[in-house]
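S.K.: For reference, the chains in residue letters:
2 protein chains.
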Amino acid sequence: MSSNPVTVADVGEFGLIARITESLGMPRDVLIGPGDDAAEVATGESVLITVDVLVEGRHFRRDWCSAVEVGRRAAAASLADIAAMGGAPSAVVVGFGAPPDLPASWAQQCSAGIVEECGRAGAALVGGDVTAADQVIVSVTAIGNPPETGAVLRSGAQPGDVVALHGRVGWAAAGLAVLSRGFRAPKVLVDAYRFPEIDYRQGARAAARGAHAMVDVSDGLVADARHIAEASGVAISLDPESIPVPDPIATAASAYNVDPREWMLTGGDDHALLACFPDRKSIPKGWSIIGSVEQGEPGVYINGHRVTRQGGHTHFG
Amino acid sequence: MSSNPVTVADVGEFGLIARITESLGMPRDVLIGPGDDAAEVATGESVLITVDVLVEGRHFRRDWCSAVEVGRRAAAASLADIAAMGGAPSAVVVGFGAPPDLPASWAQQCSAGIVEECGRAGAALVGGDVTAADQVIVSVTAIGNPPETGAVLRSGAQPGDVVALHGRVGWAAAGLAVLSRGFRAPKVLVDAYRFPEIDYRQGARAAARGAHAMVDVSDGLVADARHIAEASGVAISLDPESIPVPDPIATAASAYNVDPREWMLTGGDDHALLACFPDRKSIPKGWSIIGSVEQGEPGVYINGHRVTRQGGHTHFG
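Residue numbers (this note's numbering), protein chains in the order written: chain A, 763 to 1079; chain B, 763 to 1079.
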């Protein structure tokens, strides 16, 4: 008679899969759901595919994020990549590694978080693999349908394009700074770190309006703008003053004596969308102009100076 | 001036990705390869998708398998799942976790192994994510095209069907037993553990010949036959005597004083294909009849007795 929580070792691989899959509803374009050797999902003439891996202690801490939040963040990282191609996410599969003593409820809640984030993106969880590992590992592969006008690449930016942003930058970085200092408030920043707020439809909308190039900001605004600049062979000039510093970020930055723009220019995890449009009138409602594309040595420029530092997440550091 | 190998921390996330992707050739149905937020792959009206995760210390040991072999095994696990639906694999994406001190060459060789196995299955490596982790983790998601006649499920077996097998069973388990006892020979068994030999076309061939149900043997012959039996609501009668014990397995079993059929009935990792055909004349060349489908309490029966033990791999054990 123990009051210890039921662990993944207690319920076993197949028991855990059963607990996770029994509650899944399947939309119409899922032709075969979980439970067979593979799932089957309806597509057009092609499919977009991407994978992101979250590792405990590197990308999340279980004392900083709930299982639902880890699930949401893991799914968001991949779903945002589909949106950043101008696509519409349709399905995800999940590779899940867990220490045998992980509570089974944690795994179920993480799965629920993945399902919740998928729901926001119009996608379904259609399959997965669970295995023992030393750390919690959540690997989410997302697939989706490209836009009718063709996927929007990083390499399509052209001199004369207008650079625009949809979504938040710096919020998750500020929330991480708060948590790293041992605080749990302000809640609005901590929540921004714990789970992103992404409007997944904006990627398809940008594609429909003729965006030449697009990324989601997962490495940091400067780093991801540089990805476009280098892939397109263009100079991207950013005007940080065009992005107002939100009050919660300004307050936290002041308290910690840091430059709030550092968070906004280098922080990832918010998964804002950054796109280059042919002109101002192409830019969809809700997007903000933050720069321009010019001829010149490929790179990112602020106030005429090339930003040479990394300005973004690096792993293995 | 150090003679230490270059590590993944030395080359960094983006350096490692560059090293891996620079050598990749892309077949024609890969519309967008690695390097953007997502890849794009041509499909028909639907796509099959599956994921498998290999974890160091659980599914492989670096002193037992080379990096190329780990890559081949990781890819094979997912590619065989696509084949087991009757499908033709088209692409994979890889989530790769590694300790920062892992030699970069190991990661590159593992990737080369994935590419090699993909080549055998007609698929391409189109994307991935690399991150730091305590153990080496290789998560491979495979997509593929279902057969024109529709994907072959586990749930389609019918009383009167003939059960047939293509490929090897027990070889990898015997090889693992050899390695576990500290030996490196007989090489033919050790190699069978280190990298599977799979004829990926056989899945599509079985589908074309009207197979009612199919799985790949990854949990063990009895365990995977049980998956079909339970999904289809049928009794599957297996005749172990119909599968000759190969000489290397017989010799090793005799030396270790174990029953060779234990390996053959419960060993996974060879990824043989097990299918139920409507009649004997439907069975493609190269497949062996090993049992029959009957009415009765769902399960696997040998010599009229229901096999109640697990008979297969379990994780978290």
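In case anyone wonders, no lab produced these hints; they're calculated from the structure.
Ideal Cβ placement from N, Cα and C applies to all residues, glycine included.
One or more hints might be untrue.
[Said to hold, decoys possible] Here are some, though not all, of the chain B residues that point toward chain A, as calculated from beta-carbon distances under 8 Å:
id: 1; residue: 779
id: 2; residue: 784
id: 3; residue: 786
id: 4; residue: 788
id: 5; residue: 800
id: 6; residue: 884
id: 7; residue: 901
id: 8; residue: 1047
[To be verified] Listing some non-contacts, in silico: residues in chain A with all C-beta distances to chain B over 12 Å:
id: 9; residue: 793
id: 10; residue: 820
id: 11; residue: 916
id: 12; residue: 943
id: 13; residue: 950
[Stated by the list, open to error] Every beta carbon over 10 Å from chain B, so not counted as near; a handful from chain A, in silico:
id: 14; residue: 804
id: 15; residue: 823
id: 16; residue: 849
id: 17; residue: 882
id: 18; residue: 908
id: 19; residue: 942
S.K.: A separate judgement is required for each hint: does it hold in the structure or not?
M.R.: Hints, one by one, checked against the model:
Interface restraint check for residue 779 of chain B: the shortest CB-CB distance to chain A comes to about 10 Å, outside 8 Å, so the restraint is violated. Taking 8 Å as the C-beta cut-off, the interface hint given for residue 784 of chain B is violated, the closest approach to chain A being about 15 Å. A distance limit of 8 Å between C-beta atoms decides the matter here; for residue 786 of chain B the minimum to chain A is near 15 Å, and the interface restraint is violated. Checking residue 788 of chain B against chain A by beta carbon gives a least distance of about 14 Å; that is not within 8 Å, so the hint is violated.
Of the supplied interface hints, the one on residue 800 of chain B holds, with its beta-carbon coming within about 4 Å of a beta-carbon of chain A, less than 8 Å. For residue 884 of chain B, the shortest C-beta to C-beta distance to chain A is roughly 16 Å, which exceeds 8 Å, and the interface hint is violated. Checking residue 901 of chain B against chain A by beta carbon gives a least distance of about 4 Å; that is within 8 Å, so the hint holds. Using the Cβ-Cβ criterion of 8 Å, the hint placing residue 1047 of chain B at the interface with chain A is not satisfied: the shortest such distance is roughly 23 Å.
Annotated as non-interface, residue 793 of chain A brings its C-beta within 12 Å of a C-beta of chain B; the closest such distance is 6 Å. Listed as outside the interface, residue 820 of chain A is inconsistent with that label: its C-beta sits roughly 5 Å from the nearest C-beta of chain B, within the 12 Å cut-off. Once the 12 Å rule is applied to beta carbons, residue 916 of chain A is inconsistent with being away from chain B; the minimum gap is 5 Å. No Cβ of chain B approaches the Cβ of residue 943 of chain A within 12 Å, the least distance being about 23 Å, so the stated non-interface status holds.
Listed as outside the interface, residue 950 of chain A is consistent with that label: its C-beta sits roughly 28 Å from the nearest C-beta of chain B, beyond the 12 Å cut-off. The claim that residue 804 of chain A lies off the interface is violated: its Cβ sits roughly 5 Å from the closest Cβ of chain B, which falls inside the 10 Å cut-off. No beta-carbon of chain B comes within 10 Å of the beta-carbon of residue 823 of chain A; the shortest separation is about 14 Å. At roughly 7 Å from the closest C-beta of chain B, the C-beta of residue 849 of chain A falls inside 10 Å, breaking its exclusion from the interface.
Residue 882 of chain A, annotated as away from the interface, keeps every beta carbon of chain B farther than 10 Å; the closest lies near 18 Å. A beta-carbon of chain B comes within 10 Å of the beta-carbon of residue 908 of chain A; the shortest separation is about 6 Å. The claim that residue 942 of chain A lies off the interface holds: its Cβ sits roughly 18 Å from the closest Cβ of chain B, which is beyond the 10 Å cut-off.
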